[in-house]
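> Chain by chain, the residues run as shown.
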Amino acid sequence: MDWFPLLNSVRIAAISTIIIFFVGIFAAHYIAKAPRLVKGILDVFLTLPLVLPPTVVGYLALRILGPNRLVGAWVLDVFGFKLTMHWWSAIFVTAVVIFPLMYRTARGAFESFDTTLADSGRTLGKSNTWVFWRVQMPNCRQGILAGTVLAFARALGEYGATSMIAGYTPGKTATIATTVYQLWRIGDDALAFRWVIINMIISAVVLLAMTFLEKRNVKPGGF
Amino acid sequence: MALIVDIQKKIGAFNLSVRFESENEILALLGASGSGKSMTLKCIAGLMTPDSGRIILNKRTLFDSGAKVNLPPQKRNVGYLFQQYALFPNMTVFENILAGVRIGTAAEKRDAAAEKIAQFRLDGLEKLKPASLSGGQQQRVALARILVNAPELVLLDEPFSALDSYLKWQLEMELADTLSGYSGDVIYVSHNRNEVYRLCDSVSVLSNGKSDPKETIDGLFHSPATVAAAMISGCKNISRLERKDAYTALCTDWGVTLRTQAPIADDANFVGIRAHHLTFSPNENMMNCTVSRVVNNMFSTAVMLKTPGGAILRAEMEAAVWAAAKDKKNVTVYVDPKDVMVLKS
Chain U
1 MDWFPLLNSV
11 RIAAISTIII
21 FFVGIFAAHY
31 IAKAPRLVKG
41 ILDVFLTLPL
51 VLPPTVVGYL
61 ALRILGPNRL
71 VGAWVLDVFG
81 FKLTMHWWSA
91 IFVTAVVIFP
101 LMYRTARGAF
111 ESFDTTLADS
121 GRTLGKSNTW
131 VFWRVQMPNC
141 RQGILAGTVL
151 AFARALGEYG
161 ATSMIAGYTP
171 GKTATIATTV
181 YQLWRIGDDA
191 LAFRWVIINM
201 IISAVVLLAM
211 TFLEKRNVKP
221 GGF
Chain C
1 MALIVDIQKK
11 IGAFNLSVRF
21 ESENEILALL
31 GASGSGKSMT
41 LKCIAGLMTP
51 DSGRIILNKR
61 TLFDSGAKVN
71 LPPQKRNVGY
81 LFQQYALFPN
91 MTVFENILAG
101 VRIGTAAEKR
111 DAAAEKIAQF
121 RLDGLEKLKP
131 ASLSGGQQQR
141 VALARILVNA
151 PELVLLDEPF
161 SALDSYLKWQ
171 LEMELADTLS
181 GYSGDVIYVS
191 HNRNEVYRLC
201 DSVSVLSNGK
211 SDPKETIDGL
221 FHSPATVAAA
231 MISGCKNISR
241 LERKDAYTAL
251 CTDWGVTLRT
261 QAPIADDANF
271 VGIRAHHLTF
281 SPNENMMNCT
291 VSRVVNNMFS
301 TAVMLKTPGG
311 AILRAEMEAA
321 VWAAAKDKKN
331 VTVYVDPKDV
341 MVLKS
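First to last, the sequence lines map onto chains U and C.
All residue numbers for the first sequence refer to my numbering, where the first residue is 1 and numbers rise by one.
All residue numbers for the second sequence refer to my numbering, where the first residue is 1 and numbers rise by one.
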């Protein structure tokens, strides 16, 4: 059995999650403090990928990154390669699709963070950066972790946008999701079923990890 | 060591206008909740920015709207004890105190923190998280963390509001000891007049965002100048007054005329009488009242009296004194002219 789809799915999901971990937290941190109107408007745009069909995200990505389009053409011209049809092309769309999950859970955590903790850090002479990484982040850990795990789980399941921007090339761009579809299409039911089981196991493990982390964090006094 | 505060800030319909100076003392800001006490502290600490005015600490300008100076909280060197102490829940007791140390090498910082651990009797608790400490221990950690920071000014925001009342006595004495060993200024925010009476040197009363001029603790409790000060100092009976002459007031709410020892200024418009200053021992200030209600406390009795003017007076006396009263329906109470407080609104 060729394990490439597993490797590819996991690396796409992992890299997307790492990128979105920082981008999502950054956005959440600043938007949590923004005035209500700005927050409302930004929320619509930043949450949109959550409710859009992945094919719409894939279409929009191709409109921008495709070899004949604005960014895609420029990169092809200057650097000499296409942004589409590589395994890493899927990262662009996966990151966009999972961004709202990270952003919204992190923002919820930041908004329920007791700001007097930050205030006390600042009156003790600690920089805002110190307060953020040493006080705010650890105390919002549960929300951040939940967002990260959720984003990773969603990234593993990404199909529509990925198949549009990276296509399905066995051994090159195939992910578990696209492989299952292809195997079903050509009638290789047994192998398709195997991948379905693998996918379910991975997702179950990820969700189990999340439940475990949540339980550990609500223990009294165990911040 | 001196602090000068003169700030104004408007938030919605609320207007904060606070003005006081303090020098080498524990100054209380006494006021009901919502009177702007915490907001004042936040402005002094740099966590909120006043619209206008200035804050000067030991000749250092922390804030001056005219000169466009507004130091960040990190540079103000002001210790702030928050109501719920605001200890970092993710850090141990030792790490919390260590976070307060500003200067020195890593080893020197650890030494400074260890010294405070010993001084505040926190030995053995170093590795615990704040959530597993009692309220009193949390307060000691918070104080240690502030004082290891060597602040020029300490702000205490209702330090006992997070504690059970049976703990307060002990902690109040501890706090008094701690503060007596501290050489900078202290601002003590509270709505509890008893705490303020016991712990502070002088007081400024805040009502609806506006501060009364600073006065001594004795001044506030024995001769408050304003209605707000009289009420916050525990005066239960207040009536409007009509000035008859320099020492005679018609108390319109009570329907009686009373003599005062203090002269009645032209702009005085209220009188106040403390509940325990109403007695059965005769003097020139007499009030014939009917009893509307009696509340028996453990050692004292509170009697609600309907005055000729209709308003209710509250008199408090020892239970035995009330028990000895012959007529418990119609009583005559007296108040010494020196106990009639002349107030401004």
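Honestly, the hints are just simulated from the structure, not real lab data.
Note that the coordinates shown come from a computational prediction; the quantities given were computed from them, not determined experimentally.
Fair warning: there could be bad hints in the mix.
Simulated pairs of lysine to aspartate or glutamate, EDC-like, Cα-Cα distance not exceeding 16 Å [what the hints assert, rightly or not]:
#1 C:Lys214 to C:Glu95
#2 C:Lys344 to C:Glu284
#3 C:Lys75 to U:Asp114
#4 C:Lys236 to C:Glu215
#5 C:Lys344 to C:Glu242
#6 U:Lys126 to C:Asp253
Going by beta-carbon spacing under 7 Å, a handful of chain U positions derived as facing chain C [to be verified]:
#7 Ala34
#8 Gly40
#9 Asp43
#10 Thr116
#11 Ser120
#12 Arg122
#13 Thr123
#14 Leu124
#15 Val135
#16 Met137
#17 Asn139
Just so it is clear, CB atoms sit at the ideal spot from N, CA and C, and this is done for glycine as well.
> Please go over all the hints and tell whether each is borne out by the structure.
These are the hints, each one checked on the structure:
1. The hinted pair formed by Lys214 of chain C and Glu95 of chain C fails the criterion: a straight-line CA distance of about 39 Å is larger than 16 Å.
2. Among the hinted pairs, Lys344 of chain C with Glu284 of chain C is inconsistent with the structure: their alpha-carbon atoms are about 24 Å apart, more than 16 Å.
3. Note on Lys75 of chain C and Asp114 of chain U: the hinted pairing is violated, with a Cα-Cα distance of about 22 Å set against a maximum of 16 Å.
4. In summary, the hint linking Lys236 of chain C to Glu215 of chain C is not supported, as the alpha carbons are separated by about 21 Å, beyond the 16 Å threshold.
5. Straight-line distance between C-alpha atoms of Lys344 of chain C and Glu242 of chain C comes to about 12 Å, which keeps the hinted pair within the 16 Å bound.
6. Our distance criterion of 16 Å between C-alpha atoms is broken by Lys126 of chain U and Asp253 of chain C, whose separation comes to about 56 Å.
7. Of the supplied interface hints, the one on Ala34 of chain U is violated, with its beta-carbon coming no nearer than about 18 Å to a beta-carbon of chain C, more than 7 Å.
8. Because the beta carbon of Gly40 of chain U sits about 21 Å from the nearest beta carbon in chain C, more than 7 Å, this interface hint is broken.
9. Here the hint on Asp43 of chain U is broken, as its CB sits about 25 Å from the closest CB of chain C, past 7 Å.
10. Below 7 Å, beta-carbon pairs count as interface contacts, and Thr116 of chain U has one with chain C at about 5 Å; its hint therefore holds.
11. A distance limit of 7 Å between C-beta atoms decides the matter here; for Ser120 of chain U the minimum to chain C is near 4 Å, and the interface restraint holds.
12. With 7 Å as the threshold, the beta carbon of Arg122 of chain U comes within range of chain C, its nearest partner Cβ sitting at about 4 Å, so the hint holds.
13. Residue-level restraint check for Thr123 of chain U holds (minimum Cβ-Cβ distance to chain C is 4 Å; threshold 7 Å).
14. Using the Cβ-Cβ criterion of 7 Å, the hint placing Leu124 of chain U at the interface with chain C is satisfied: the shortest such distance is roughly 5 Å.
15. Taking 7 Å as the C-beta cut-off, the interface hint given for Val135 of chain U holds, the closest approach to chain C being about 5 Å.
16. The criterion of a C-beta within 7 Å of any C-beta in chain C is not met by Met137 of chain U, whose closest approach is roughly 9 Å, and the hint is violated.
17. Because the closest C-beta pair between Asn139 of chain U and chain C is about 6 Å apart, less than 7 Å, the hint holds.
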